[in-house]
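In order, the protein sequences belong to chains F and B. Just so we're aligned: 151 in our numbering is position 151 of the first sequence, and the numbers increase by one with no gaps anywhere. Just so we're aligned: 1170 in our numbering is position 170 of the second sequence, and the numbers increase by one with no gaps anywhere.
Among the hints, a few may not be true.
Facing chain B, a subset of chain F residues (Cβ under 8 Å, in silico) [as the list claims (entries may be wrong)]:
(1) M1
(2) N7
(3) Q10
(4) M17
(5) E21
(6) F30
(7) I229
(8) L233
Since the hints were made in silico from the structure, they are not lab data. Since the structure is predicted, the reported quantities are computational estimates derived from the model, not experimental observations. Backbone N, C-alpha and C define an ideal beta-carbon position, used for all residues, glycine too.
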Amino acid sequence: MKKFLNNLKQEAQHIRMSDAERSAMRTRIFEGQSLKSPELRTVLGRRSPYVFMSYHLRMTMAGLLLFVIAGTGTVSAAAAGALPGDLLYPIKVSVNEKVEVALAPTPAAKSEVQVRLAERRVDEARELSVRGRLDKKTAKALSDNFDEHAAQAVALAEPDGQAVEPAGVSLQVKMQVREQENSAPRAASMMIQVGAEATTSPEQWEQPDKKSEKRRGSLRESLRVKGEILQELKDSIPETELQIGD
Amino acid sequence: MEDIQHTFTKAFESYGDELFRHASMRLSDRDRALELTQECFMKVFEYAKKGEEIRELRPFLYRTLRHLIIDEYRRKKSVSLEAMAEKGEDMNVEDFLPSDDSNSLEAAIERFDGKRAMDALQTLPDAYREVISLRYVDGLSPGEIGDIVGESENTVSVRIHRGLKKLKEILQ
């Protein structure tokens, strides 16, 4: 019966949310409805970085990509569930994950991928710990890799200096300028005034900043919590096997 | 407010999976289990934001999830017995496992025994399944389980004992 209960426990450990499910749920719990989430809006609001390519070039690239994916797909799909110590783990980390980052189109999306990869290190540590395969060396490697991804995620979420200009403001300003060009004498002074208005036009400029600040805050918070969990897993490794090698 | 957010982020990272696992084992429907887990966190989060006191978060989350599962059972019962019977036949533990696990022979053998154990548990009546999964999968004490299911420690111990006995019969 004891063996049965052990089997049951082991089997139950396999039941868990996937990375995507967990991150979607987190967004819904802590940031309201998924479609209203700021991350998604930023992603949807940006222009594709591939607009410079012609239609044909884009199609050729897509075809090529499909070809490459079909070729490497089998190995990398097999590697997807690998854990540290498994034969395919290096492929998962140095091929699959690099591709995932490279395929993310915008900095915001790249940041999300980095968060996901950092989370994956915590999951791997947890899984290894359940199977009793987590040792100090692996834990150290996982936690270094976690720090790396977490740092990247935060760096990519930082504002890049070129805030998106709220369309409404610039249009309004241009129209005002045109009106004033008609009333010739005061045009110059008024334009300066308008210019001043445009640069200070307050609420509409501050709001997106506040939002992204909040988003970065919650990102840091969630990464910090995960770091703590990883640390706890690391601390729970028994010291026993250390002296054997020495 | 910041504190509550921090506590809940931490609770979600620590208990999210075990609550989802519990819901999965009770409902045998991965999607519904996901939805109920989410609803559970949202409800408790809202409750805490209103300034209500929660003494211990983990049992509180389990209790909330338990109510949601009971509601789900009631709702399902009123739908159709036929649909339930069909669902029962289709039910497969594999359906709510992520596909990225076992990638070695050893893991496959382990999984075979594990799957048999899980299948046996699924044939138990829910009252037994509940206490056995809380006791042996989530590792809660009979006292803690009593707190969640609203029974005395003694009643819970008896129920676990009977559940194990039933499991033995199924396995023989």
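Query - Numbered hints the structure breaks, given as an ascending list - result: 8
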